[in-house]
Each structure stands twice: as structure tokens, then as C-alpha cells.
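Protein chains in written order, with our numbering: chain A, 12 to 288; chain B, 12 to 288.
Read the hints as simulated data drawn from the structure, not as lab findings. Keep in mind the model is a prediction, meaning the values are calculated, not measured. The reader is advised that the hints may include incorrect statements.
Each pair may be met inside one copy or between any two copies, as identical chains are not told apart.
Here are the simulated BS3-like pairs of lysine-lysine, each with C-alpha atoms no more than 30 Å apart in a straight line [to be verified]:
1. K118 with K141
2. K216 with K118
3. K118 with K251
4. K118 with K268
Protein chains: 2
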Amino acid sequence: MQTLQAYIHGLLQPYNQATLHISDLAIQRGYGIFDFFKVTEGKPMFLDDYLARFYRSAERMEMVVPIDEAALRDTIAQLIKANNLPLSGVKIILTGGYSSNGYDPEKPNLILTEQPLTLPDQTIVNNGIKVITHSHVRELPTIKTINYAMGIRLIREIRAAGAADALYHQNGIVSEFPRCNFFIVTKDETIVTPAENVLPGVTRKNVLQLAARKYKTEERTITIADIAQAREAFLTSTTKRILPIVQVDDKIIGTGKPGEITKELLADLIELEKRQL
Amino acid sequence: MQTLQAYIHGLLQPYNQATLHISDLAIQRGYGIFDFFKVTEGKPMFLDDYLARFYRSAERMEMVVPIDEAALRDTIAQLIKANNLPLSGVKIILTGGYSSNGYDPEKPNLILTEQPLTLPDQTIVNNGIKVITHSHVRELPTIKTINYAMGIRLIREIRAAGAADALYHQNGIVSEFPRCNFFIVTKDETIVTPAENVLPGVTRKNVLQLAARKYKTEERTITIADIAQAREAFLTSTTKRILPIVQVDDKIIGTGKPGEITKELLADLIELEKRQL
Numbered sequence: 012m013q014t015l016q017a018y019i020h021g022l023l024q025p026y027n028q029a030t031l032h033i034s035d036l037a038i039q040r041g042y043g044i045f046d047f048f049k050v051t052e053g054k055p056m057f058l059d060d061y062l063a064r065f066y067r068s069a070e071r072m073e074m075v076v077p078i079d080e081a082a083l084r085d086t087i088a089q090l091i092k093a094n095n096l097p098l099s100g101v102k103i104i105l106t107g108g109y110s111s112n113g114y115d116p117e118k119p120n121l122i123l124t125e126q127p128l129t130l131p132d133q134t135i136v137n138n139g140i141k142v143i144t145h146s147h148v149r150e151l152p153t154i155k156t157i158n159y160a161m162g163i164r165l166i167r168e169i170r171a172a173g174a175a176d177a178l179y180h181q182n183g184i185v186s187e188f189p190r191c192n193f194f195i196v197t198k199d200e201t202i203v204t205p206a207e208n209v210l211p212g213v214t215r216k217n218v219l220q221l222a223a224r225k226y227k228t229e230e231r232t233i234t235i236a237d238i239a240q241a242r243e244a245f246l247t248s249t250t251k252r253i254l255p256i257v258q259v260d261d262k263i264i265g266t267g268k269p270g271e272i273t274k275e276l277l278a279d280l281i282e283l284e285k286r287q288l
Numbered sequence: 012m013q014t015l016q017a018y019i020h021g022l023l024q025p026y027n028q029a030t031l032h033i034s035d036l037a038i039q040r041g042y043g044i045f046d047f048f049k050v051t052e053g054k055p056m057f058l059d060d061y062l063a064r065f066y067r068s069a070e071r072m073e074m075v076v077p078i079d080e081a082a083l084r085d086t087i088a089q090l091i092k093a094n095n096l097p098l099s100g101v102k103i104i105l106t107g108g109y110s111s112n113g114y115d116p117e118k119p120n121l122i123l124t125e126q127p128l129t130l131p132d133q134t135i136v137n138n139g140i141k142v143i144t145h146s147h148v149r150e151l152p153t154i155k156t157i158n159y160a161m162g163i164r165l166i167r168e169i170r171a172a173g174a175a176d177a178l179y180h181q182n183g184i185v186s187e188f189p190r191c192n193f194f195i196v197t198k199d200e201t202i203v204t205p206a207e208n209v210l211p212g213v214t215r216k217n218v219l220q221l222a223a224r225k226y227k228t229e230e231r232t233i234t235i236a237d238i239a240q241a242r243e244a245f246l247t248s249t250t251k252r253i254l255p256i257v258q259v260d261d262k263i264i265g266t267g268k269p270g271e272i273t274k275e276l277l278a279d280l281i282e283l284e285k286r287q288l
């Protein structure tokens with residue numbers, strides 16, 4: 012089995028030897044940001060968007076990325092070359108650094124990892140997924156922090172419900188999944204996604220742009236009542252692309268099968284990805 | 012300088028060599044809980060309360076502590092003996108463990124560290140502190156998770172305001188500080204602390220019990236307007252004990268000097284700690 016390389020402490024080294032001292036603020040205080048993009052045949056997909064978001068997250072958490080964007084791009088290229096994987100995900104993590112008092116941030120630690128990526132099983136894409144709803148708004152929803160305490164805590168509840176994910180809402184206004192954005196297609200074929208309290212997903216942005224070529228699109232408030240009236244629903248993410256949602260809690264969406272517009276947008280997204288190669 | 016020992020991966024080892032692999036969910040997803048108690052002359056203070064809270068936090072995050080309470084007490088005793096510090100804080104951290112997919116929890120990693128502790132400077136106790144308010148409620152306030160993203164992000168704002176800490180509130184209803192509980196003394200000498208959206212602090216509990224011997228005590232809603240009417244205000248924490256608050260935002264509390272009841276409760280708390288020895 013191939014030994015994967017990671018980037019940590021300023022150099023490439025074997026992933027399985029990549030460690031942080033326990034004084035790091037990620038371990039002490041859950042303090043860090045990250046980003047994650049897909050690499051197909053050695054080519055990072057939509058890298059500009061992901062890097063822009065990474066530096067924006069760092070700035071909004073008052074963290075300084077130890078290398079500039081050109082050097083980070085070089086490092087990404089070296090990592091991809093070293094690992095030489097056909098399809099992978101690259102994760103860039105920036106932690107709060109080794110803190111002498113366990114609270115005040117120091118010079119951040121920058122870590123890059125690359126792992127083989129598995130796309131969603133075609134059966135799941137064909138059948139669609141059930142999701143549950145959960146009352147919650149992330150603390151800093153527009154920043155890609157490492158805080159997934161609520162999402163991970165919900166894993167058992169999601170599985171117990173026979174569901175694939177949990178859609179956050181507050182007072183019936185829905186926002187996002189722990190790791191995915193949410194869309195509905197209304198009866199009049201408008202593509203709608205929540206405007207507030209969401210991470211600005213790169214796939215979300217791409218899907219909005221693709222949809223706007225053919226349909227009316229809106230970023231606005233979506234309520235649970237709106238979902239019950241929707242013709243179609245789906246989620247978007249870097250690794251999952253577009254997954255049709257056929258059930259939200261006890262409510263069947265549309266015909267209970269993946270919608271035609273959802274499938275069309277997924278085909279368009281795959282085309283868009285191919286054009287990145 | 013003495014080499015401090017820490018407990019990690021099932022054994023005592025030098026603190027400066029204590030590392031976690033980057034696949035740990037604390038680093039990947041900020042997933043972990045912890046607790047922290049004071050050790051005076053080798054004697055842990057109020058250990059039963061801290062351990063009960065630690066195991067409760069773990070359970071509520073669906074994490075299993077790898078050793079039982081008796082074994083954990085033994086490990087704490089070994090660590091304290093090895094380091095032999097006159098006054099210290101012991102931190103117990105439980106992380107989500109080495110996750111193969113970076114999201115699903117595995118067997119948690121248990122870490123114990125011990126560091127010399129510095130009590131607040133007497134000048135600060137004598138003069139009291141200024142605090143600012145910030146609109147925020149922690150995600151899982153009753154669980155001692157490692158997530159301090161908001162608190163750390165506020166460090167700069169707190170310093171810029173010449174303040175010592177930030178008091179969280181939502182719609183004017185106050186809850187707690189990032190690492191401390193909040194109390195007011197009303198004009199009729201009732202000791203009041205917020206009832207909801209707060210971490211159940213051990214010092215908070217001790218102070219409530221000490222106060223109840225002499226005064227009426229209440230756990231209830233406190234608004235920012237209530238603070239403006241308060242005779243005294245203070246915060247409590249394991250390391251800070253009781254710190255008088257003399258200003259909240261632009262509002263001077265009482266006479267602008269530490270209150271008499273606050274000072275009395277601090278003396279009572281120090282007495283209570285001595286009785287633990």
C-alpha cells in the first residue's frame with residue numbers, strides 16, 4: 012500500500028507520522044479553520060474559490076496563514092505530485108497553534124492532507140436520500156471552522172432515523188446540513204437555496220450559476236412549510252456533488268423519487284467539472 | 012527546569028513529547044470534551060464534582076472514557092506525584108479519537124496534563140474588572156466541550172475595550188463568560204446567577220452554597236437591565252475563584268469598587284478550599 016504524504020511543520024512527510032503537540036489550540040480549544048477540494052487526475056477543481064474561502068476564513072478568525080497564496084499553491088502541487096492519486100480530496104487545516112497558556116493563539120500550524128476520494132454510490136444518487144431536521148444554527152456559519160460538534164453528535168440520531176443527514180433549522184427556517192448546502196425546486200420551477208446562516212459552498216455557487224442559465228434562482232428564506240410544498244429537493248457538497256432528497260422527516264418530497272431538474276443539474280455539474288480538466 | 016509529565020496513549024510521558032496524530036477528531040472537527048481542576052499541595056480540590064462533570068460531558072457527546080473513574084483517579088494521583096508541583100491545574104481532555112474518514116468518531120484519546128497555576132493578581136482582586144457584553148449563546152452550553160472558537164475570537168475585542176472578559180447575552184438575557192460564570196448581588200442583597208445556557212461551574216455551585224448560608228440565592232434570568240440595577244457583580248471560575256466586576260460596558264456597577272458581599276464570599280471560598288486540604 013502506498014504511503015501517503017502530508018504537509019506539516021513546513022515540509023512533506025509521511026501522513027502516518029504527521030502529529031501535533033497537544034498544546035495546539037485545535038486540541039485544547041477546538042480552534043481552527045479548514046477547507047477541502049477535490050482533485051481529479053491531478054487537477055484541483057475550482058481551486059481559486061476554495062483558496063479564497065480558506066484565506067477569508069483565516070482572516071475572519073484572526074489567524075494568519077503562514078505562507079502566501081502562491082506558496083500554498085506550490086505546496087498543493089507538490090503534495091498532489093507526490094501522492095499521484097487518480098481521484099482525491101485535499102484538506103487544508105489551519106490550527107490556532109501551540110499555545111503556552113492553552114488559550115491565547117500563537118503562530119498557526121498549517122497542515123495539508125490528501126486522501127483517496129469515493130464519490131456517492133450510484134444507487135444513492137438514483138434513489139435519493141431521506142433527511143431529518145434538527146433545531147440548530149452553527150455559531151459562525153459563514154466561516155469554515157473545524158467545529159462540527161453538533162454534526163458529529165447527531166450521527167447516531169440520523170442513523171436511528173434511517174436518514175442520511177440532518178437539516179438544521181431555527182424556528183422552522185432552514186439553513187444547511189452539517190457539511191452540505193440545501194436547495195429546493197418550487198412548483199413554478201424556481202431553484203431556491205437559503206440565504207442566511209449558511210456556509211458559502213463552492214458547489215452551491217456552481218449549482219446556482221448552472222441553474223440560472225435555465226431557471227429562475229433565488230437565495231432567500233426557506234421554511235419547513237416551503238419544503239412540504241416543494242417539487243424537488245437536493246443537497247450540494249464538494250464530495251457529494253448533488254444528492255436528491257426524497258424525504259424530509261415524515262414528508263415525502265414531490266413524487267418520492269429524484270426530481271428531473273435535480274438530475275439535470277447534476278449532469279450539468281459533472282459537465283462543468285469535466286471542463287476544469 | 013523540571014520536565015513535566017503528561018498522560019497520553021495510556022502512559023505517563025514527558026509533556027513536551029506528547030502528540031496526537033492529525034487524524035484525531037479534535038484536529039479534524041474540533042470534537043472533544045475536557046475538564047480542569049486545581050491541585051493545591053498535591054491535593055485535588057473538589058475532585059468529585061469535576062470528575063462527575065467530565066463523565067457527564069463525555070456521555071452527552073456520546074463518547075466513552077477509555078478508563079473507569081477509579082482508574083482515572085489513580086492516573087491523576089500518579090501524575091500529581093510525578094510532577095510534584097505546589098500549586099497546579101490538571102486538565103483532562105477526551106478527544107474524538109483517530110478517525111479513518113475524518114468525521115466518524117473512533118475510540119477516544121484520553122490526555123491528562125498538569126501545569127503550574129497562577130492565581131489572579133491581588134491588584135485585580137482589589138480593583139475589580141471591567142467586562143464587555145457580546146451577543147452569543149454557546150452551542151452546547153451545559154457540556155464542557157473544547158469549542159472556544161467564539162471566546163478566542165473575542166480576545167482582541169476584549170483587549171481593545173480595555174476589558175478583562177466578555178459576557179455573553181442573547182436579546183439582553185445574559186448567560187456566562189467564555190470560561191466563567193456570572194453573578195449579581197441585587198439591591199436587596201439576593202445573590203443571583205443565570206439559570207439557563209450556562210456551564211454548571213463547580214465554583215458557581217460552591218459559591219451558591221456558601222452564599223445560601225447568609226443570603227437569599229436565586230438561579231434565574233438576568234437581563235442587562237438587571238445588571239445596571241445591581242449593587243455588586245462578580246464572576247467565578249476554578250482558576251479565578253471570585254473576581255469583582257466593577258463595570259459592564261459603559262455602566263459602572265454599584266460604587267465602582269468591589270462589593271462587600273463579593274469580598275465576603277471570596278473569603279468564604281478561600282476558607283472552603285482550605286478545608287479540602
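Against the structure, the hints come out as follows:
1. For the identical chains of this complex, K118 and K141 are inter-copy neighbours only, at 28 Å across copies versus 43 Å inside a copy, given an alpha-carbon limit of 30 Å.
2. Taking identical chains as interchangeable, the C-alpha atoms of K216 and K118 are never at most 30 Å apart, the minima being 32 Å within one chain and 37 Å between chains.
3. Taking identical chains as interchangeable, the C-alpha atoms of K118 and K251 lie at most 30 Å apart only when they sit on different chains, with a minimum of 27 Å there against 34 Å within one chain.
4. Taking the shortest alpha-carbon separations for K118 and K268, neither the intra-copy value of 50 Å nor the inter-copy value of 38 Å comes in at or below 30 Å.
The structure does not agree with the numbered hints 2 and 4 stated previously, though it agrees with the rest.
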